[in-house]
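Engineer: Sequence:
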Amino acid sequence: MAPLRRRLCLLLLPPLLLVLDWCQFAGVSAFNLDTAGALRKDGDPGSLFGFSLAMHHQKHLGDRKVLLVGAPHAKALGKQRANITGGLYSCRFTTVPSDCQRIQFDTTETEKDHKENQWMGVSVQSQGPGGKVVVCAHRYQRWESEESRLMPGRCIILEQDLQVSKLDESSWDRKFCAEEGRLVGGRTKERFAYCQQGVSPAFTSDKRHILFGAPGVYDWKGIVRLEPAGDRSALDAEFLETGDENEYNPKLVPVDISSYLGFSLGSSTALTKMGELIIVAGAPRAGHSGKVLLLKREGTSSLSMEHTLTGPGLASSFGYDLAVVDLNADGWEDLVVGAPQYFEKDKEVGGAVYVYINRADGRDWSDPKIVRLHGNKDSMFGLAVESIGDVNQDGFQDLAVGAPYEGSGRVYIYHGSSEGIQHKPTQILEGEDGVTLFGYSLAGNMDIDGNEYPDVAVGSLSDSVFVYRARPVINIRRTLMITPDKIDIKKEKCDLRPCRMTVKSCFSYTTHPATYRPNLNISYVLEAERVVFQDASQGTLRLQSPSKEECVSTRLRLQTNMHDKLRGIPISVSASLLSATSSHDSTHNFLPELTPVTSPQDKQPQAELRFVNTGCGSDNICQSNLALQYQFVSRPNKGNADRLTPLRRENGTTLIPAGDKEVGLNIKVTNKEGDDAHHSQLLATFPDSLSYVSYRSQDKSVYCIANGNGTQVECELGNPLPRDAEVHLYITLTTERISLTTSDVNVTLQLKTISAQNISAVDARGRVIFDLDLQVFGLARPSQVSVGGEVKGENKMTSEEDIGSLVQYEFRINNLGRPLKSFATASLNIQWPKVNKNGKWLLYLVQISSKGVQAVSCSPAQEVSPLKHIKAQGMARGKRQAVESELEALSTDGILSLFGSKRKYKILACGEEVKCATIKCPLLGLDNNAVVILRSRLWNSTFLEEYKSLNYLDIVVNASLSLDSAPENVILRSSHTQVKLTVFPERKLSLYGRVPWWVILLSVLLALLLLALLGVLLWKLDCCSCSICAKNKKQYHVISGWEGAHPTG
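Those letters in the sequence shown? Residues -30 to -1, 1 to 1019, by mature numbering (1 follows the signal peptide of the UniProt record, and there is no 0).
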């Protein structure tokens, strides 16, 4: 269509213009429109030369083809009173930019005509080869009086020779809004006064009628009018319009006010019903987004609505321009609608073209198939849409879309296809330097140079027009044949010797038209993986004619140590045109000859070398059954590397100790009851905190390669991994990068094979723990004490010596792991046996001190020396008393063991018998070792009163370690100790007084009796015989008398 006129109308109606967003098109290369040799035509500066375009074919005047260019700001002609009227130019298709000629018409002006700034040339349309031409001035004014200055608009119909008809003026000067009394009456301004006829004229596809859009009628509702293209006075002349030709009824117009119906026009006889004329009219402001109406005849004077298409997006100007074209070559025409002001918020999208693919023989317009094409931001993509014919002669009509506000302007070329339209442009045309709003107008679908390819014209608002000629397209055909086309690698022993094959590549070409038979020089490239070319994989050939095929043979062999032995090897060949010597007979020798281009080639393989695999099914398809098992294990010892210890698990999750420098991942992969798994691999992905160190496997088929930072390793498991085979793999990982913020780790294990099997990834997860290795040991000095003396009341005690024996507890804390202060604070918790169940003192805590940590501050502090009237004793004297008490207790214990009767004892531990105080001592600054010392006194009086009947008793002190304010992943192994203090009653002085005298006498007599019995026993055994004594004596003297001599008898 002629989108230029619509823009003109927009100049009058500024509320319609908006700014848009666009999609980017990347990777688009030039196809067959010749950009290097584009023809340029220039008009007078400031004339808006190029605002509208049409290609016109004058068949009866020497078969002449011209480009018609509207210039709505061109100067007035002849006897016109106006200065600027606009005009139409005819340009021959030559390389000369300035050879366009002004077409002479409308050279006079009456009193009622006002042609100043009438914008003649705002739109121009050709009826087709040998047909008429219409050119319009939508701002033409009719002055009925000084008070009545109206703007009905007008259009001029020219014959194919670009001259007005010799019939009466009404046959060629069309201004229906100013005729038949439409400009008289009380409501003139609301009806036809601002008609603006000529914004969008169009010839109907049946070649009989002409269409006019008048968007200003009826308060800018707009109307569409159909008239005869020829003699208006003919008996069969037909005059139809929306609102009715006779009634002028705005209620019959199927849109609201300010809709601008008729802003764009088109027609078809293959849209809804074959042979029925359907008029397509755009109303870009209808419904606040725009509509397109499909109109048909109703009665003898009216056009009624058949279907309505509503544009998406508020104020998108849907229907600003449109084109009717059969894109998929199914015989039914499709509809293309521009919406240049479409946008999507916060996206680089704006401006759209909607392609409605005609389905179900035209019966599916209530639910058509829609393809939406997007433009780039602020480009007004879709301001102009044009059917440009089959520019590449592939059998499908093509489409051009203007985006004049994208940079200096662009035009996007889309090719039709069996599916309707290709979604990506095949070529993008850009304006030259200094040209603005390139793509503002479009024209095409006419071959200007006789090569049977339609060409394209593009207008701008820089008073310049560009014509792009379509280059001939050559389709290079390629065939491949491989000998042999199957190889059994095992049978042929391809791992031990070269396996060779030959590829035969053949080339030919086709052209359009058939008479075009150039000599071609082409280059070809063979491509294949897993092979080595023994001959050149690329070269050149000369193709002399389309019917003659040229072939070349290439030898190649399989690679050694080839990984993929299952899938076939695709072999493809591409070809490109180097040069062409044309024998085409062109009738347009005044234009430079165009070099041909090759059509885009299919890159899919044309042939395939297949492998025969005996380890697969009868269909040569290997269906493997790979499975994986894993286990986190501890690092194997050097002395016994094969023994792996699984890491601890908690609630089903493995615990990864951060304290260990390395952990292991033990993996087993099986192929149980599966076909051979070709090119089987394990891809392991590690987090940054748990990176790869090394691997170990006793399977020779396994080897691994890691990336640079140790976050991924790829292991080959076997090629193939046979049925029922299994492999074992041990991967060593380092935990050095684990920090306190690391709560868990995830290792992704992905098995891969080129055999037929879908394998999901396995996630090996572990929870990170920082295992602190703290140990606590305790002892009491002395470990045994005795109690004695008199019971003394608490009030009578003045010093700690009055309490009882001194006992000193020492708790040693050893840290075998990392320094504690970098993780948390540990505390020593002591269960101190303070009083018994009767509330009497057992152990009186005097003082707490420490070594190896900061000054310890235990709590509760009131548990230390709670009785303020008792004075503390020096440490040196206390130690001396502790040693004496221990010795005393030991000696007493020995006597009791020897002479006592049945012993009675008791254990005093925290519970019902003993009430304990919990003492918590923070171990601040603990790195390696520390000692906490508790100095205490045994409460003598309690033991003399409560436990005097016992032979001894044990007092138990429990101590354990805990963490304070530690992260969740810091764990302290259970560490506690138990210290026993043995207490004896003091009985050493009264022990001997209790033994009766007769017991002592009896013991002495008993000892003498035993001595006598021993002497008798020795006598009975002749141990005291004189002969024995003499013999021994003699022998003694012999040895003594002869040093070194041997006895003789």
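Worth double-checking, as some hints may not be accurate.
Stated by the list, open to error - Calculated lysine-lysine pairs in the DSSO-like style (CA-CA distance at most 27 Å, straight line): (1) 766 with 838; (2) 642 with 766; (3) 821 with 642; (4) 807 with 876; (5) 177 with 221; (6) 461 with 642; (7) 876 with 841.
No lab work stands behind these hints: they were computed from the structure.
Engineer: With reference to the structure, classify each hint as holding or not holding.
Structural biologist: Status of the hints after comparison with the structure:
1. Taking the CA atoms of residue 766 and residue 838, the gap is about 13 Å. The hint holds against a cut of 27 Å.
2. About 88 Å separates the Cα atoms of residue 642 and residue 766, which puts this hinted pair outside 27 Å; it is violated.
3. For a cut-off of 27 Å, the pair hint linking residue 821 to residue 642 is broken: about 63 Å separates their Cα positions.
4. Only pairs whose Cα atoms come within 27 Å are accepted, and residue 807 paired with residue 876 is accepted, the gap being roughly 14 Å.
5. Only pairs whose Cα atoms come within 27 Å are accepted, and residue 177 paired with residue 221 is rejected, the gap being roughly 30 Å.
6. Distance restraint check for residue 461 and residue 642: the Cα-Cα separation of roughly 25 Å lies within the 27 Å cut-off, and the hinted pair is therefore satisfied.
7. About 31 Å separates the Cα atoms of residue 876 and residue 841, which puts this hinted pair outside 27 Å; it is violated.
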